[in-house]
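Peer 1: The numbering used here applies: residue 1 is where the sequence shown begins, and numbers increase by one.
Because the hints were derived from the structure by calculation, they are not lab data.
Only a predicted model underlies this, so the values are computations on that prediction, with no experimental measurement involved.
Just so it is clear, CB atoms sit at the ideal spot from N, CA and C, and this is done for glycine as well.
Careful, some of the hints might be misleading.
[To be verified] Cβ pair distances, simulated, as ranges: (1) G275 <-> A456: 17 to 27 Å; (2) D94 <-> T329: 31 to 41 Å; (3) A43 <-> F105: 33 to 43 Å.
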Amino acid sequence: MTARPKSRARAALLGSFLALGGCVEVGPDFKRPDAHVGAEWRAQPDQGPAAPGPADLERWWLKLNDPQLTQLIELALHNSPTLQQAGQKILQADAQLAFLVGELFPQQQYLSGGVQKVEQSTHSPTYLPGSPRDFKQSQVGLTIAWELDFWGLYRRNIESGRASLAENQAGYQEAAVLLAAQVASAYVSVRTYEAQLQVERENLTVQREATRIAQTRWDYGEASELDARQAISQLKQTESQLPTLQASLEEARDALAVLVALTPVEVDARLAAGGPIPQVDARIAVGIPRDVLRQRPDVREAELAAAAQSAQIGVAKAALFPSFSLGGTFGYATSNVGHSSLSDLFQWDSHTLQVGPSFTFPIFNYGRLEAQVHVQDALFRQAVLNYQNVVLQAQQDVEDARASLAGSVQSVAALTASVAAARRATELSLTQYKEGETNYTTVLTAQQTELSVENALVSARAAVPQAAIALYRALGGGWQEAPPP
Numbered sequence: 001m002t003a004r005p006k007s008r009a010r011a012a013l014l015g016s017f018l019a020l021g022g023c024v025e026v027g028p029d030f031k032r033p034d035a036h037v038g039a040e041w042r043a044q045p046d047q048g049p050a051a052p053g054p055a056d057l058e059r060w061w062l063k064l065n066d067p068q069l070t071q072l073i074e075l076a077l078h079n080s081p082t083l084q085q086a087g088q089k090i091l092q093a094d095a096q097l098a099f100l101v102g103e104l105f106p107q108q109q110y111l112s113g114g115v116q117k118v119e120q121s122t123h124s125p126t127y128l129p130g131s132p133r134d135f136k137q138s139q140v141g142l143t144i145a146w147e148l149d150f151w152g153l154y155r156r157n158i159e160s161g162r163a164s165l166a167e168n169q170a171g172y173q174e175a176a177v178l179l180a181a182q183v184a185s186a187y188v189s190v191r192t193y194e195a196q197l198q199v200e201r202e203n204l205t206v207q208r209e210a211t212r213i214a215q216t217r218w219d220y221g222e223a224s225e226l227d228a229r230q231a232i233s234q235l236k237q238t239e240s241q242l243p244t245l246q247a248s249l250e251e252a253r254d255a256l257a258v259l260v261a262l263t264p265v266e267v268d269a270r271l272a273a274g275g276p277i278p279q280v281d282a283r284i285a286v287g288i289p290r291d292v293l294r295q296r297p298d299v300r301e302a303e304l305a306a307a308a309q310s311a312q313i314g315v316a317k318a319a320l321f322p323s324f325s326l327g328g329t330f331g332y333a334t335s336n337v338g339h340s341s342l343s344d345l346f347q348w349d350s351h352t353l354q355v356g357p358s359f360t361f362p363i364f365n366y367g368r369l370e371a372q373v374h375v376q377d378a379l380f381r382q383a384v385l386n387y388q389n390v391v392l393q394a395q396q397d398v399e400d401a402r403a404s405l406a407g408s409v410q411s412v413a414a415l416t417a418s419v420a421a422a423r424r425a426t427e428l429s430l431t432q433y434k435e436g437e438t439n440y441t442t443v444l445t446a447q448q449t450e451l452s453v454e455n456a457l458v459s460a461r462a463a464v465p466q467a468a469i470a471l472y473r474a475l476g477g478g479w480q481e482a483p484p485p
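Produce the complete structure using the sequences and hints provided.
Peer 2: What follows is the structure, encoded as structure tokens:
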């Protein structure tokens, strides 16, 4: 009957500690940091409707109307080691969170046991004369130690772990956004170099004909050797650009191969048929600046990094206070001394029990613990500043891309007219030269101008999709399509 009051007292003590174990959480509760966000974007020429719909961003590359590009982007999203590496970080963070949740339960739970042969020294203070010096002993027991989360140390760690998991998920999404944009940009670069090579080849055809005419006129004494030499010089100079452009094309294909996780030979086979530079409607909806904060994974990633670090302040503060624990060991122990036997190990009379509460209170290293709080607080302030900087950078990315897109569209319009005029000027100069109405310098100048403006037009046409890609990237488009890790 005497055991019942003791059991009730132990149960009451345990209940008191459990009740205390979840009542306080030291440290700040995270709130989204303030960030300077504009109310609207800078005015640009017609940029389309006010706000992009989800479909506009989810698979924005469809707007470029290039099936081959679509295949390459989707292939990259499924095969890229870079994206898979970001996915593994999510799995790592998820496992770490599971570990932190487990810290809410008894932190030590282990079963131990053993058999020892003991030889006592007769000079040992624990030796009793007449007792055997040599004997064997065995024991087995279960030990549990549980530090109660009185100040929220473990709960703040879990809070930080959850924010870190979400941060890594946002990082995965950001990696998908970047990957899609990189593949599209590399693909446009490939088609741009192919177009530039075509311009060079077409100009070489014209220049070879001009060289033939100059050589013929010199042979018949109708022109000086200078004309022929100038024509040959211009021809060879243009021919010299071909190897450089071809090398640049191969480098662009190699870069694309890395992004889509294929070999260069496999990429060459996919691109062998060639194709035009992708074009896109320049009227891209951008919404309002605050939309970018909701759409861009890197902004959420920076915010969640600050949230994870905020919780670490609470973890550091919890170390300033006393910790309360419950612990105990229950087991069996016996020996072969006297009337005992090793076979008596699991008899009830052989059981042992140690149980009770304990606490620790740091009193002499308080300065070190306070310094650690200041360290975590400084790291949190850095994370907040990084978040604010990411927000500012996001707005700059959108503004830069919109300005580049508008400028590229205007350049294409002007250069298209310029190319038409330059081609006509080359035709007229050649006709006049054949009829002896002008010298070869006029032809040379016309050819150089035509080559220059045609290359400029190719670059301008490529700049339109490149700017559109940058704008979709700045708006955070593409992560919605990323496969789960």
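Peer 1: Compare the structure with each hint and give your call.
Peer 2: So, going through the hints one by one against the coordinates:
Between G275 and A456 the beta carbon distance is about 21 Å. The supplied range of 17 to 27 Å therefore holds. As the Cβ distance of D94 to T329 is approximately 34 Å, the hint placing it in 31 to 41 Å holds. With their beta carbons about 59 Å apart, A43 and F105 fall outside the hinted range of 33 to 43 Å.
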